[in-house]
Amino acid sequence: MNEILFSIKKKYLNLKLSNQDFEKNIKNFILSKNMLEDIRIKSLIKIFNELSKSWQSKNSNLYKLFLDNNLGYLIGWLKQNNIEEILNLNLSNFEVLDEPKLFNKKKIYASPKGVIVHWIAGNVPILGILSLFQGILTKNKNIVKVPSSFKYILTKILNDITKRTFKIDNKVIKGSSITGSILVVYVDKENKDGHTILSKYADVRYAWGGKEAIESIMQLDKKIDCEDIIMGPKISAALISRDFLKDKKNSETLASNITRDVFNFDQLGCNAPHNIYIEKNSKISVKEFAEILFEKFKIEANKNKLNNKNPIDTYNILSERVFYSTSNKKEVLFDNNYEFSIFIDYANPKHSSPLYNRSIYLKVVNDINEAANYFPSGIQTIGMAISKSSEKYFIKKLINNGALRITKIGKMGLYETPWDGILSINRMVKWVPISH
Amino acid sequence: MGSNFALNALYRYLNFTIFYNILQFMKKKIDFEFISSVFHSALDLGKYKIKLNSKFGEVPDWDSLGHMRIIQELEKRLKVEFDIDEIIDVDTVKKVIQLAKSKVK
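Just so you know, the sequences run in chain order V and U.
Heads up: the first sequence is residues 1026 to 1461, going by our numbering.
Heads up: the second sequence is residues 3 to 107, going by our numbering.
A couple of the hints might just be wrong.
[What the hints assert, rightly or not] Derived Cβ-Cβ restraints for the label pairs, each shown as a range:
| id | chain 1 | residue 1 | chain 2 | residue 2 | range |
| --- | --- | --- | --- | --- | --- |
| 1 | V | ASP1338 | U | LYS105 | 40 to 50 Å |
| 2 | U | GLN100 | V | LEU1092 | 21 to 31 Å |
| 3 | V | TYR1177 | U | PRO62 | 24 to 34 Å |
| 4 | U | SER43 | V | ASP1093 | 21 to 31 Å |
| 5 | U | PRO62 | V | GLY1446 | 55 to 65 Å |
| 6 | U | GLN100 | V | LYS1323 | 36 to 46 Å |
| 7 | V | GLY1235 | U | SER43 | 15 to 25 Å |
Note that these hints are calculated values from the structure, not bench results.
Fair warning: this is a prediction, and the values are worked out from it, not measured in the lab.
All C-beta atoms, glycine included, are put in the ideal place defined by N, C-alpha and C.
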């Protein structure tokens, strides 16, 4: 079965629809006028900025929803300076979305591709919201397939926009002119035909998710020129050279930064570290550092309990704890309520598979320069706290090994542009040269 | 006549320079008191007193959205703009002061 969870046309909302009725609704939506075409990009940017200011206010109806669902990042992302920066990074001159602009003596217009279908993943749904907002900025129509855990959150946000009226540069723009370009749907995981309907009408398929979810989307029928933007499963790691553990103060700062990266969405995002490579023979030993980290994790875990502990994950963590506490050259520090685990490995520097649930491996290496040899391929983010002298060598080596983002420890949890090696907005438009 | 005009112009210039410098001085005075007033405006703290080592999560309403209101208030008062990656690890009052100072040099 399928459901339409948000549409400015209310007729078929929240009804269980057969595939036939669902397809009829999708077709009607595609045929309807796209009112985004009449809104200038500068106005859209100002509207986003206004939403950012309004949603952060304590008087906002959505205040609790944003807090409870970890959506605070969206507030910062929607700010005018951030949006302008992202757009210009993607398009050079964002006004090319309104009219042809000169690029090296050639006039080019960035036209919307048409219909973007977003498959939002259940682990970090905010990323799917960001892809939707990018779809709006590029003036595309957007169909968003939400996971069951996220059914009503996006709907509430869009209903809020629909009710608003924005006064931008003496022009009145109705919120419904923006949300009229959006359809939020739910399709059962098993309903391949429902997903096929979404896929075959898409001009861009924008998919977030694990291996299985992405593979099943890739197998669906699609238009011959459909653009696929795939944010698939990846993992991340971090590196610490011995000079960053030269005293307690530095070690504490570093531990706070690791805590932020690990507790951000409880390691469910592909940018969270699971393995941290540490160079041995530092003034603060690896064991001492692990103890500092333990204290930071404990404070954070007390403030923020782990949601939905899964019995299989808990069993895997328990097994690993037993293995580490009974093996030579391995140690483990943990919380008795399975809020977090810190595994220290002096013997095997090879990357360990993620256990999630705030579990990290501290992999001890003789020389930080050898750590790059142990990374698996397809790594998303590398968080680095390494000496300037090693930095250059590392960055080159990591990029050659396929790393898609290199940042400081403590900032791994940020969503950046480009992401997964992709400038998404650039791929949501058709580049049309005009030389008549 | 000419020298009067020149003196007048010099007088005006000096006045302007003094006024401008006072303004700049006031603008750049970022200390605990200034940041405390930013926190009070942004978070509506009433009689609550923040300390230099007060942390994110400890001060009432200093949550992820309250953080954005503090940043917005800072931006408004200092007439600057912060990038997301500048504000993400600012989790103590002391760090907010450092952040503000880094922007207004």
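Verification of the supplied hints:
no., hint, verdict
1, ASP1338(V) - LYS105(U): 40 to 50 Å, "holds, 43 Å"
2, GLN100(U) - LEU1092(V): 21 to 31 Å, "holds, 26 Å"
3, TYR1177(V) - PRO62(U): 24 to 34 Å, "holds, 29 Å"
4, SER43(U) - ASP1093(V): 21 to 31 Å, "holds, 25 Å"
5, PRO62(U) - GLY1446(V): 55 to 65 Å, "violated, 42 Å"
6, GLN100(U) - LYS1323(V): 36 to 46 Å, "violated, 26 Å"
7, GLY1235(V) - SER43(U): 15 to 25 Å, "violated, 44 Å"
The structure fails to meet hints 5, 6 and 7 from the earlier list, while all remaining hints are met.
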